[in-house]
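**Student:** One letter stands for each residue in the lines below.
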Amino acid sequence: MILHLTNARLIDPETGTDALGSLTVKDGVIVGRGGALPKGAESLDCAGMCLAPGIVDWGVKIGEPGERHRESFRSAGLAAAAGGVTTIVARPDTNPAIDTPETLEFVTRRSAESVVRIRHMAALTKLRQGDEMTEIGFLLDAGAVAFSDVFNVSTNTKALARAMTYARSLGALIVGHPQEPGLTAGAAATNSKFASLRGLPSVSPMAERIGLDRDLGLVEMTGVRYHADQITTARSLPALERAKANGLDVTAGVSIHHLTLNELDVGDYRTFFKLTPPLRAEDDRMAIVQALADGLIDVIASFHTPADEESKRLPFEEAASGAVGLQTLLPAAMRLYHAGAVSLPQLWRALSLNPANRLGLPQGRLSDGAPADLVLFDPDAPFLLDRFTLKSKSKNTPFDGQRMEGKVLATWVGGLQVFQG
Amino acid sequence: MTFRARHLLGIEQLSPQEIVAVLDLADRYVDLNRRTVKQSDVLAGLTQINMFFENSTRTQASFELAGKRLGADVMNMVVGQSSVKKGETLIDTAMTLNAMRPDLLVVRHPSSGAVNLLASKVKCAVLNAGDGRHEHPTQALLDALTIRRAKGRIQRLTVAICGDIAHSRVARSNLILLGKMENRLRLIAPPTLMPPGVEGFGCELYDDMKKGLEGADVVMMLRLQKERMDGGFIPSEREYYHRYGLDAEKLAHAKPDAIVMHPGPMNRGVEIDGELADDINRSVIQEQVEMGVAVRMACMDLLARNLRAERGRAAVGVMV
Numbered sequence: 001m002i003l004h005l006t007n008a009r010l011i012d013p014e015t016g017t018d019a020l021g022s023l024t025v026k027d028g029v030i031v032g033r034g035g036a037l038p039k040g041a042e043s044l045d046c047a048g049m050c051l052a053p054g055i056v057d058w059g060v061k062i063g064e065p066g067e068r069h070r071e072s073f074r075s076a077g078l079a080a081a082a083g084g085v086t087t088i089v090a091r092p093d094t095n096p097a098i099d100t101p102e103t104l105e106f107v108t109r110r111s112a113e114s115v116v117r118i119r120h121m122a123a124l125t126k127l128r129q130g131d132e133m134t135e136i137g138f139l140l141d142a143g144a145v146a147f148s149d150v151f152n153v154s155t156n157t158k159a160l161a162r163a164m165t166y167a168r169s170l171g172a173l174i175v176g177h178p179q180e181p182g183l184t185a186g187a188a189a190t191n192s193k194f195a196s197l198r199g200l201p202s203v204s205p206m207a208e209r210i211g212l213d214r215d216l217g218l219v220e221m222t223g224v225r226y227h228a229d230q231i232t233t234a235r236s237l238p239a240l241e242r243a244k245a246n247g248l249d250v251t252a253g254v255s256i257h258h259l260t261l262n263e264l265d266v267g268d269y270r271t272f273f274k275l276t277p278p279l280r281a282e283d284d285r286m287a288i289v290q291a292l293a294d295g296l297i298d299v300i301a302s303f304h305t306p307a308d309e310e311s312k313r314l315p316f317e318e319a320a321s322g323a324v325g326l327q328t329l330l331p332a333a334m335r336l337y338h339a340g341a342v343s344l345p346q347l348w349r350a351l352s353l354n355p356a357n358r359l360g361l362p363q364g365r366l367s368d369g370a371p372a373d374l375v376l377f378d379p380d381a382p383f384l385l386d387r388f389t390l391k392s393k394s395k396n397t398p399f400d401g402q403r404m405e406g407k408v409l410a411t412w413v414g415g416l417q418v419f420q421g
Numbered sequence: 001m002t003f004r005a006r007h008l009l010g011i012e013q014l015s016p017q018e019i020v021a022v023l024d025l026a027d028r029y030v031d032l033n034r035r036t037v038k039q040s041d042v043l044a045g046l047t048q049i050n051m052f053f054e055n056s057t058r059t060q061a062s063f064e065l066a067g068k069r070l071g072a073d074v075m076n077m078v079v080g081q082s083s084v085k086k087g088e089t090l091i092d093t094a095m096t097l098n099a100m101r102p103d104l105l106v107v108r109h110p111s112s113g114a115v116n117l118l119a120s121k122v123k124c125a126v127l128n129a130g131d132g133r134h135e136h137p138t139q140a141l142l143d144a145l146t147i148r149r150a151k152g153r154i155q156r157l158t159v160a161i162c163g164d165i166a167h168s169r170v171a172r173s174n175l176i177l178l179g180k181m182e183n184r185l186r187l188i189a190p191p192t193l194m195p196p197g198v199e200g201f202g203c204e205l206y207d208d209m210k211k212g213l214e215g216a217d218v219v220m221m222l223r224l225q226k227e228r229m230d231g232g233f234i235p236s237e238r239e240y241y242h243r244y245g246l247d248a249e250k251l252a253h254a255k256p257d258a259i260v261m262h263p264g265p266m267n268r269g270v271e272i273d274g275e276l277a278d279d280i281n282r283s284v285i286q287e288q289v290e291m292g293v294a295v296r297m298a299c300m301d302l303l304a305r306n307l308r309a310e311r312g313r314a315a316v317g318v319m320v
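Listed in order, the protein sequences are those of chains A and B. Quick note: the first sequence, position 70, residue 70 per this note's numbering, numbers continuous. Quick note: the second sequence, position 207, residue 207 per this note's numbering, numbers continuous.
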């Protein structure tokens, strides 16, 4: 089957271009740009709307196994398709954790229920406890794209160093959560006047710098490939910049929520704004947006974390942490574009090309031979978000009731349309 | 009417006019409380439930007495940890109570913001009797009344708040109230007991108590929780007393007529010298307890008026 998409505003993160053109897809693969309508092709006039590589969302929590009432592969896939996400990179912080090839094979099988692609990270240590490394080799063979204990930070530095040394020999990618665990224990907010007046236990933003410094030291020591899951404070940036300048194999991500919200959004103890790490001051948010524009921060992800109503309807300190984001990642990211902070190709480098490159996936591009994972969207279409319209099983979005711009019109995975807006 | 609040969740939501309205009415209740017959019927027919998720003797007794003197039917529920252990959530507890149709709900809870959450789910007036480290509004109001009666005003005073400011909801409510009433505020504490972001509070900060007390009209001491005494936040009880315990020598740096306050219960010999606490010329600690009952009567009276007015409006709405 041949699909010819014409009159599209092509957002190409690889070349950094944003221009009108056409794109031809054959047998699930991009085969050319700007050509005439091939024989027998189905043609679609995109009416000048944006056509970009599908988003590669790195760090999505899916409730399988263990918490399917919060999110299943099926519901996550539908939410992703509606949000222009064509590849989900799932987290291993399930119950039980994905720390053996057998559990990885189980979730890989279950992933078939999703309409978008699912790739899996595996735990770096057994039970994500930070003491004994998992079977990194077997897990790589079974398809793990990266290794992470997610929000559990090992205090056993020796064990972590060994796991990294071993991972290096296999070329495995480690995803760290750079937060010093002693300082972050019990914190529900970031140190500030706001947190103190609300009476919330809080953590210094320096906890991130200290955590990052340790991890970068270990990277220098072991030579492992390392990705910091979320860099959210200004104080971490010089350390990251130095590590990159020194040639360490390091990349960094940030959640869309830390790019678009700040600590004051918590307001009157609104638990949908409780995140890990906690939301930061506006100065930090602006510094991170700048770092994204400068390319120091490589990846934007949703850190989609489904939580049921009960776990959020609690006093702030006791409430669950995390927010859903698969379906709101694109419109929230449009805020950065409309604010003039980044261009669309820049945005798509962070949403699609960079995570794909870092994880060794062929997605994230519009070049010939790339998989036809595409999203067609209207960057300006306004809407008022009603959380109950989200396709995720959990509705814990901080954007509920907010004005947003950017609507997904269609999503294709491997040339097959999986969503029609 | 000046006092418009539906709930008393914190000082933060009150205007200076509302604060003065509470204090003015409380003054009248002080007179009532000093009579032999201390009965009023302004809350007659209303039900007050005291729900304490955290142990308290003094505050609970004060609220109970306040309600009874105003003629309310008062019920005490010591929730403690029992229903929490049974797995009932705060909101379930609130909904259960709501179904019993109380009019005034007095709540203390160990989590900051828990009382706000509860207030959003019930149909009665909610009074915050202390939530985590957040607020304890009736304590700040009774402190304000005590100061106003001792100093003749609640503006343009230099007030020093000393001790465990980081973990104290009393300190937060007090500094919000005293700030709203345009006083000069000083916070005195070892840096480990100062809250993060304190630089933004608009207070003068001191870690030297004598300097901090210089020229103060009011010295407010805070209770140091037992579990914070050893090692974690301060080196020891005795070093704390040496540097931050209020005694006659340190108090000599304040104004000669400065008053000494403490929300109680006191740790004598930790944050305050026992003799000084009992000195009737300086200490107003007993007055604070007395004012507590009057202030709580005033708060419940004002909230009940608003509740009745709201229900009246709703009833008229139904008829139309």
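Read the hints as simulated data drawn from the structure, not as lab findings. Do not rely on the hints blindly, as some may be mistaken.
As the list claims (entries may be wrong) - Here are the simulated lysine-lysine pairs, DSSO-like style, with alpha carbons at most 30 angstroms apart:
#: 1; chain 1: B; residue 1: 121; chain 2: A; residue 2: 391
#: 2; chain 1: B; residue 1: 210; chain 2: B; residue 2: 121
#: 3; chain 1: A; residue 1: 193; chain 2: B; residue 2: 210
#: 4; chain 1: A; residue 1: 26; chain 2: A; residue 2: 312
**Student:** Indicate, hint by hint, whether the structure satisfies it.
**Tutor:** Verification of the supplied hints:
no., hint, verdict
1, 121/B <-> 391/A, "holds (27 angstroms)"
2, 210/B <-> 121/B, "violated (47 angstroms)"
3, 193/A <-> 210/B, "holds (26 angstroms)"
4, 26/A <-> 312/A, "violated (46 angstroms)"
Violated hints, listed in ascending order, are 2 and 4; each of the other numbered hints is respected by the structure.
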